[in-house]
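> Below, each chain spelled out in residue letters.
2 protein chains.
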Amino acid sequence: MNAAATGDTAHAMPDDARFGLRRHVTLAGPLRLDGGMLLSPVEIAYETYGTLDPDGSNAVLICHALTGDHYVASEHPVTGKPGWWTRLIGPGLPVDPARHFVICANVLGSCMGSSGPASENPATGQPWGMAFPVITIRDMVRAQAMLLDHLGVARLRAVIGGSMGGMQALSWASTFPDRVAAAVVIASTARHSAQNIAFHEVGRQAIMADPNWRGGAYYGDGAPPTAGLAVARMAAHITYLSEAGLTEKFGRRLQHSPERPNGAKSFGFDADFQVESYLRHQGISFVDRFDANSYLYITRALDYFDLAEEHGGLLANAFRHTTARFAVISFDTDWLYPTSDSRAIVHALNAAGARASFVELSSPFGHDAFLLDAPEMNRVIDGFLRAGER
Amino acid sequence: MNAAATGDTAHAMPDDARFGLRRHVTLAGPLRLDGGMLLSPVEIAYETYGTLDPDGSNAVLICHALTGDHYVASEHPVTGKPGWWTRLIGPGLPVDPARHFVICANVLGSCMGSSGPASENPATGQPWGMAFPVITIRDMVRAQAMLLDHLGVARLRAVIGGSMGGMQALSWASTFPDRVAAAVVIASTARHSAQNIAFHEVGRQAIMADPNWRGGAYYGDGAPPTAGLAVARMAAHITYLSEAGLTEKFGRRLQHSPERPNGAKSFGFDADFQVESYLRHQGISFVDRFDANSYLYITRALDYFDLAEEHGGLLANAFRHTTARFAVISFDTDWLYPTSDSRAIVHALNAAGARASFVELSSPFGHDAFLLDAPEMNRVIDGFLRAGER
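Those protein sequences? They're chains A and B, same order as listed. Mapping the first sequence onto our numbering, position 25 (from 1) lands on 25, and the numbers just tick up by one. Mapping the second sequence onto our numbering, position 34 (from 1) lands on 34, and the numbers just tick up by one.
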């Protein structure tokens, strides 16, 4: 345990949370951020599963995506849904609390208990709002490293993440080359493209155009910019699915309603098409569990992400000092972070002399495939982790 | 001239409008719409270039896209920009007023002079707003047919359009098989996909979430829902460009500003990246020239478009009675209406025994390629039109 910790609370868990251990720690810091600011204190909400081996060698860090959280294998306290990666993590699964000490922390800038725009600014006693410093993927990783110090984990057997989680895995191997034995990078990229940035900018403008946003100072009166955040979510959600997947799932099928039991066009602006109804639902349900300012900050961190730029413009330089093994996995219908992005990572790993394996998996589900039933992905990860444990 | 015309005004044109003849006609109608309503009167703003041959055989109808207008080869009165298709239409170009009588009409539902939500509802003397009937692509085409009646054009030598213009060209050949000798369908589709609908739904929700929208009744006080409309435009604009084109044009290049003359991240929420600045500009400049309600109506017409559905579910049936020749053109980087959509049109034309030629052109510019410098497209159209004139 690290002396910098100023508080750590383990809450009793309800039975249905299975094997999760809900925790929150306030670390004194300060954490020096890429933007130059010192953040103190650093609050981190996290979950752990399993037990750390006496030699501290079995820790596996799971990194979550943009709108994810640390409830990776525990019931979400707001939605009541099971953990978001229970297909990968659990008894008998590739990441197994019976043999791994699994850690998942809410990223810096998020809104599920870690420091972010909705958390308290110690200088004012009020929520940070837009006074919260702009953070980077590397800042998120540095905060996780502070948490590992606190937990007594010197080195990770593996760091695993999809999408933004994969960026964190890459950043981990690059920023802390001695602390990572293996990295699994799924449906991810080493840099955000112009199109990636463009979609995020649409979302940010949607939030900021909502009069309820009020420069981010909306926490006091229960009127957050939900309309803008819902539009942002809808736009982003399209990028998580494939065109073919949308066609298969919805096509041009019409909604059935009491007025139109057989499904017919309304010649109005109701959600005639099932895909419209689905998207509206995605937008509306998202605002119940996510903070609009956090959405601004995390999309900004994603857009700033360019691992090569942090290393003189050459991606291979990011991996010069790593001793980690890498498994890079892409999905053929992912157009948010397409296979070519994963290939660029693998080329750089090869150029740096790192041990890298790469597989492109087939799935109709686009970017979201890594969160869905993906037996091949599980087999790849299982084999990759066991190879390191032999 | 048709007796139903209640007014036709030819305005004197400034010299810089070149050879355009700005016109507006109010036709008594009524026009029976696909939604069941009767629209009367039907106002149509249009331009013509060149002279109709005595035998009426040289008319070419140009159909515009979602946010286009009839200023196809004339200066736009609001933006002052040259006509949107002066690369295709003009002296010595494939469509040449020296040998063609060129017609381009603002579509029904739009906001540049034709009947739409911003025009006057005769029942109230006020703008229609959301009381304007929901219209379809076929309704747009029927209104154009009324205009051709008024102009004394029985049969079109060609109907030409890109994107939504291509849908109108298809609908023309299907709805008025005896009035179309040739159709050029560029970067288009015979049906809107689930992903197409999804993107439009994001735009509509952005507009409707803007408190200034007020159920569409915003015309009185000079406070239209510009913020929502700008977000809608930004989201749509991404779909008009290719990922590779965005990367080539902007990549991750940063904006230069007085505070950051060498281009550096602001660690704030300014438009750091050039692509952000570009998108914001696209949104802001759009709201000066377009009506938010028109955007709702025309996107709805696009989403409703499914030519096969209008013909018992079999696209070939749409072309059973046509005698037209078809040229179908797609662009390899167009992901809004990809080449596979054009291929489906050509398959149906072949199945119906229609004369169809098909070409996929290479361009880095995505869907917007048809509006940009495309010498190969011009050669294809020129050859296609001349073949029909021999």
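No lab work stands behind these hints: they were computed from the structure. Watch out, some of these pointers could steer you wrong.
You can't tell identical chains apart in this list, so a pair holds if it fits in one copy or across any two.
[As the list claims (entries may be wrong)] Mimicking SDA-like on lysine to any residue, the simulated pairs with C-alpha atoms at most 20 Å apart in a straight line are:
no.	residue 1	residue 2
1	Lys249	Thr51
2	Lys265	Asp178
3	Lys249	Ala271
4	Lys265	Arg386
5	Lys265	Arg32
6	Lys249	Asp96
7	Lys249	His150
8	Lys265	His311
9	Lys81	Glu360
10	Lys81	Pro127
11	Lys265	Gly152
12	Lys265	Arg280
13	Lys249	Pro364
14	Lys265	Pro127
15	Lys265	Leu38
16	Lys265	Gly222
17	Lys81	Gly245
18	Lys249	Gln282
19	Lys265	Met130
20	Lys249	Gly313
21	Lys81	Asn212
22	Lys81	His150
23	Lys81	Asp55
24	Lys249	Ala264
Just so you know, these numbers come straight off a predicted model, no measurement behind them.
> Hint by hint, where does the structure go against what was stated? Just the numbers, ascending.
Per hint list: 1, 2, 4, 6, 7, 9, 10, 11, 14, 16, 17, 21, 22, 23 violated.
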